[in-house]
Amino acid sequence: MFSRDTWTEIFKTIQKNKLRTFLSGFTVALGIFIFVSLFGLGNGLINTFDKFFQEDATNVLYFFPGKTTVPYKGYKSSRRIEFENSDLADIKKNFPMFLEYVTPRISRNRLVKFMEESDNYTTTGVDWGHQFAEKTIMMKGRYLNVEDIKHRTKYAVIGRLVEQDLFGSKNALGKYLDIGGSVFKVIGVFQDDGGDREERGIYVPYTTLQLIEKNTDKIDQFVVAFKPELGYMGAMAFERSLDKFFKDKKFISPKDQNGIFIRNVADQLQQNQQFARVLQIIVAFVAFGTIIAGIIGISNIMVFVVKERTKELGIRKALGATPKEVISTILLESVFITTISGFTGMLIGIALLSSLGESLSENYFILNPYINTAVAIFATLLLVLFGAIAGYIPAKRAARIKPIIALRDE
Amino acid sequence: MIEIKDLHKSYKMGSNTLHVLKGINFSVEEGELVAIMGSSGSGKSTLLNILGMLDVADSGEYTLDGVPIKNLNETKAANYRNKFLGFVFQSFNLINYKSALENVALPLYYQRVPRKERQERALKYLEQVGLKEWATHLPSELSGGQNQRVAIARAMASEPKVLLADEPTGALDSTTSYEVMDLIQKINDQGNTILVVTHEDDIAHMCKRIVYLKDGVIVEDKKVKQVRASKYV
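Residue numbers (numbering that gives the first Met the number 0), protein chains in the order written: chain A, 0 to 409; chain B, 0 to 232.
Calculated directly from the structure, the hints in this document are not laboratory data.
What you are looking at is a predicted structure, and each value in this text was computed from that prediction instead of being measured.
By construction, the Cβ of each residue, glycine as well, lies at the ideal position given by its N, Cα and C atoms.
A portion of the hints provided could be inaccurate.
In silico lysine-lysine, BS3-like type, Cα no more than 25 angstroms apart, as pairs [what the hints assert, rightly or not]:
no., chain 1, residue 1, chain 2, residue 2
1, B, LYS97, A, LYS323
2, A, LYS254, A, LYS72
3, A, LYS310, B, LYS82
Chain A residues, not near chain B, derived (Cβ > 10 angstroms throughout) [what the hints assert, rightly or not]:
no., residue
4, LEU172
5, ILE281
6, VAL302
7, GLY356
8, TYR363
With the sequences and hints as input, model every part of the structure.
Below is the structure:
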């Protein structure tokens with residue numbers, strides 16, 4: 000089946016039947032090319048969408064203190080609510096199955112000095128989980144970790160632009176900074192898709208910050224991250240029980256809307272996920288349709304090819320070709336053509352996608368279109384397989400026809 | 000060489016059956032040149048197709064070179080055709096995208112003859128039919144007579160026991176017909192067994208024996224004095 004003779008025969012047949020070769024090759028190449036391009040562009044659209052909506056984590060609740068407006072349980076209205084460390088501990092204790100992490104946020108504007116350079120930066124005391132809430136990306140060094148929080152280390156993680164401002168082209172890692180009169184060691188430099196403002200920030204352990212501020216245990220705000228698998232309904236329920244818990248703990252009337260503010264990103268998350276899902280369904284549907292169209296196209300051509308070759312196959316049979324040889328002649332030829340042209344179309348499509356890059360992002364909201372290579376190869380093989388199946392059925396019939404019928408003059 | 004006993008064949012035409020061969024008894028010795036004659040519908044082509052294993056009989060015995068031909072599946076029939084038989088058709092039936100040489104070499108390909116030997120043997124037979132210079136031409140670039148000679152070379156290339164020709168001159172003018180018959184006679188002179196189906200009297204008389212078919216039975220079977228075609232060329 001795979002002798003050199005067989006292939007010579009196939010190559011000759013392909014060479015001498017250019018139209019046929021072109022038709023089946025072109026159909027497959029075009030089908031795969033369109034599939035790869037569409038699928039890739041769809042992914043580009045999803046990329047843009049992700050970039051728009053997912054600068055920060057979407058599975059988080061932001062807690063802000065407020066002022067009561069309703070007297071309750073002997074407390075007057077207009078009372079200022081404050082959060083403290085025990086609130087964090089309570090959340091961890093009472094809601095472990097919903098919780099991914101909790102992190103406080105204590106923001107201070109501090110004068111920061113290094114050698115001769117100095118400037119004011121927002122210095123925020125945080126827990127390790129804050130990295131995920133803000134989607135902070137580490138460029139070098141590391142973020143704050145559990146040990147730093149526990150031992151109240153004087154470590155700082157600085158933004159890319161802070162490093163640029165204070166250190167110029169020098170490496171900030173391991174250097175010591177004067178932050179509001181205390182000395183901190185730089186252990187990491189980060190970047191953030193949120194923009195320049197966020198990259199002009201400094202993160203330090205919140206425990207350290209509290210220690211410097213006369214060992215207080217007050218917290219400005221905090222962020223609670225829940226497990227994403229809770230989904231929309233779970234997130235809303237979690238928010239309600241947290242709200243109730245804190246209103247109880249801080250003696251705020253259940254009717255008071257201003258004691259505590261909770262910003263829930265779950266609403267947004269819900270919409271994001273729905274939109275992403277719809278996009279993915281559309282992309283999958285279009286891609287699936289293209290493949291089906293390709294399969295129908297190649298099947299038609301194979302039926303036509305076998306029909307056109309009926310007489311030739313009759314002659315071959317009269318000269319002593321066995322049915323097996325007749326079938327393998329047709330199948331090997333078709334699989335050969337569809338494989339070569341399928342992978343050509345696939346490579347052209349992938350090349351097109353990678354050449355687009357960000358060029359379409361401005362006007363068409365398509366960013367870095369790409370296709371998973373495994374998906375592209377799978378689709379190509381699928382088309383080759385169906386081309387072979389579509390060729391096999393008429394080939395088998397042609398091989399079974401008595402040569403005398405195939406040879407009969409039309 | 001060929002032994003046929005009580006051969007029957009009928010075709011279903013809708014609800015009717017058409018009884019084409021009604022008990023043919025017939026034998027051919029090695030080296031004979033036999034013409035099968037008859038008007039159209041007499042069953043002569045059907046007989047040839049059955050002899051050529053392109054079609055199967057309903058009943059009867061057929062022995063070719065001592066091998067009983069029965070219960071053939073397609074693969075077996077293909078192997079027998081390849082080993083025992085060479086075909087020449089009225090409409091040549093050359094593969095139109097292959098050169099003369101490639102057409103002649105095709106039966107050898109199915110005999111799994113190595114490439115080089117295939118080329119050599121094909122060229123040898125093309126030379127025998129006088130078309131060596133045309134080896135690389137496509138059928139569309141050759142005349143009808145030349146095409147038929149290529150077809151004869153192809154039939155001979157596999158060195159068959161029997162050469163079967165179905166109206167080999169049917170599509171040719173008389174001069175070309177005689178050229179082709181001259182070639183067939185020469186091949187017969189080398190000792191090859193040949194059966195020719197024809198409805199032309201002059202062609203039939205260029206054979207050594209004529210079998211007349213009428214309505215599916217043999218009505219006459221006689222030896223004739225061969226007319227050499229070379230006289231007319």
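The hints, checked one at a time:
1. B:LYS97 x A:LYS323: 22 angstroms, holds
2. A:LYS254 x A:LYS72: The given pair, whose Cα atoms are some 13 angstroms apart, holds under the 25 angstroms limit.
3. A:LYS310 x B:LYS82: 21 angstroms, holds
4. LEU172: 70 angstroms, holds
5. ILE281: Non-interface label on ILE281 (chain A) holds, nearest chain B Cβ at 46 angstroms vs cutoff 10 angstroms.
6. VAL302: 20 angstroms, holds
7. GLY356: 46 angstroms, holds
8. TYR363: Holds, since 47 angstroms exceeds 10 angstroms.
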